[in-house]
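Peer 1: Chains as they are written, first to last, in my numbering: chain W, 2 to 128; chain A, 2 to 128; chain P, 2 to 128.
Check before you lean on any hint, since a few could be wrong.
It does not matter which identical chain is meant; a pair holds if it fits inside one copy or across any two.
DSS-like, lysine-lysine: derived pairs with alpha carbons at most 30 angstroms apart [said to hold, decoys possible]:
| id | residue 1 | residue 2 |
| --- | --- | --- |
| 1 | 62 | 114 |
| 2 | 114 | 88 |
| 3 | 62 | 88 |
| 4 | 13 | 88 |
These aren't lab readings, by the way, just hints derived from the structure by calculation.
In this text the structure is predicted, and so the values were computed from the model without any measurement.
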Amino acid sequence: MPLVRISLMQGKPASYRAAIGAAVHKAMVETINVPPLDHFQVITEHPRSDIIYDPAYLDIKRTDDVVFIQITLNGGRTTEMKRALYKRLVELLVAEPGIRPEDVLINLVEVGKENWSFGNGIASYAQ
Amino acid sequence: MPLVRISLMQGKPASYRAAIGAAVHKAMVETINVPPLDHFQVITEHPRSDIIYDPAYLDIKRTDDVVFIQITLNGGRTTEMKRALYKRLVELLVAEPGIRPEDVLINLVEVGKENWSFGNGIASYAQ
Amino acid sequence: MPLVRISLMQGKPASYRAAIGAAVHKAMVETINVPPLDHFQVITEHPRSDIIYDPAYLDIKRTDDVVFIQITLNGGRTTEMKRALYKRLVELLVAEPGIRPEDVLINLVEVGKENWSFGNGIASYAQ
Chain W
2 MPLVRISLMQ GKPASYRAAI GAAVHKAMVE TINVPPLDHF QVITEHPRSD IIYDPAYLDI
62 KRTDDVVFIQ ITLNGGRTTE MKRALYKRLV ELLVAEPGIR PEDVLINLVE VGKENWSFGN
122 GIASYAQ
Chain A
2 MPLVRISLMQ GKPASYRAAI GAAVHKAMVE TINVPPLDHF QVITEHPRSD IIYDPAYLDI
62 KRTDDVVFIQ ITLNGGRTTE MKRALYKRLV ELLVAEPGIR PEDVLINLVE VGKENWSFGN
122 GIASYAQ
Chain P
2 MPLVRISLMQ GKPASYRAAI GAAVHKAMVE TINVPPLDHF QVITEHPRSD IIYDPAYLDI
62 KRTDDVVFIQ ITLNGGRTTE MKRALYKRLV ELLVAEPGIR PEDVLINLVE VGKENWSFGN
122 GIASYAQ
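Working from the sequences, and respecting the hints, build out all of it.
Peer 2: Printed below as a string of structure tokens:
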């Protein structure tokens with residue numbers, strides 16, 4: 002059910018981008034009860050000019066390796082679950098493909114269960 | 002008022018992408034009271050490596066022709082209206098450009114009426 | 002905290018795109034209390050075929066210079082603040098890079114404070 006958009010600067014190999022996608026998915030499965038097969042993502046590369054970030058907001062030092070991860074998912078996770086997600090996702094990205102913790106920006110957009118169709122024109126999660 | 006993002010793998014002709022956009026719009030007009038002229042969409046093509054989907058989540062068999070359709074719209078539609086949208090949208094996509102029902106993923110993101118400006122710096126729908 | 006997605010047709014120079022990004026940020030700082038360093042945006046260019054807009058919806062005459070600005074931000078701004086944002090953003094875009102007021106589409110997506118991590122795997126705004 003999450004639909005994930007991952008945005009980063011162009012120039013990394015496909016394996017690097019794939020590792021980001023895998024980390025996002027693994028962190029969601031481990032921390033916020035996302036089903037293991039529920040894996041849907043769009044990764045986009047952008048020119049240097051077209052990803053704009055502040056290099057020091059909240060006293061966090063960012064570089065051009067910044068990654069924006071925007072996750073649309075069902076509402077209802079607690080703040081503690083979200084905290085666990087952020088922490089685990091950064092741990093995994095540090096390990097592989099090797100991203101600085103400071104360079105990971107995460108945003109969640111919550112929607113209702115009836116707001117998804119995963120194929121066949123059915124409201125997959127509606128009661 | 003809907004702002005639609007359509008993501009698919011690269012390699013299809015522009016006419017194929019246009020048919021997807023037209024189907025999404027027609028389905029919304031028919032099922033959830035979207036005005037016929039209220040037509041705003043961004044379609045993006047992506048390399049094979051950068052659209053990630055599970056080929057069998059919820060026992061639905063997906064292929065590389067998978068299309069992700071994310072619609073930001075005003076809240077307030079009933080679940081029945083959303084069901085009708087999903088069903089009609091898939092019917093239309095099967096007819097033209099010819100997409101398998103299993104390959105259509107739809108997600109709705111709902112916002113408030115005051116969250117739109119359609120030009121001239123005016124809150125188009127706010128009271 | 003806003004994460005901004007700006008979509009326009011391809012063919013404008015990078016300086017034009019940068020001016021749009023700067024205007025969006027300045028308008029948010031001036032009207033809705035966004036911190037000056039809180040600046041995170043993704044700008045994307047698209048072929049003519051892949052940005053779809055109605056040229057007359059709500060009797061507003063749009064051209065191929067249309068720009069879609071989608072802002073994900075914390076909920077809680079009043080409608081008056083949103084009105085001020087739309088108005089100021091259009092004023093700034095008219096001045097630089099020189100966009101017609103009719104060509105500016107703005108959409109806000111509101112989320113909870115706990116839905117952000119700006120680095121280090123921390124929920125930056127959660128209590």
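Peer 1: Now look at each hint and say whether the structure bears it out.
Peer 2: Each hint, compared with the structure:
| no. | hint | verdict |
| --- | --- | --- |
| 1 | 62 with 114 | between (37 angstroms within a copy, 21 angstroms between copies) |
| 2 | 114 with 88 | both (25 angstroms within a copy, 16 angstroms between copies) |
| 3 | 62 with 88 | within (17 angstroms within a copy, 33 angstroms between copies) |
| 4 | 13 with 88 | within (24 angstroms within a copy, 39 angstroms between copies) |
Violated hints for the displayed structure: none, as all numbered hints are satisfied.
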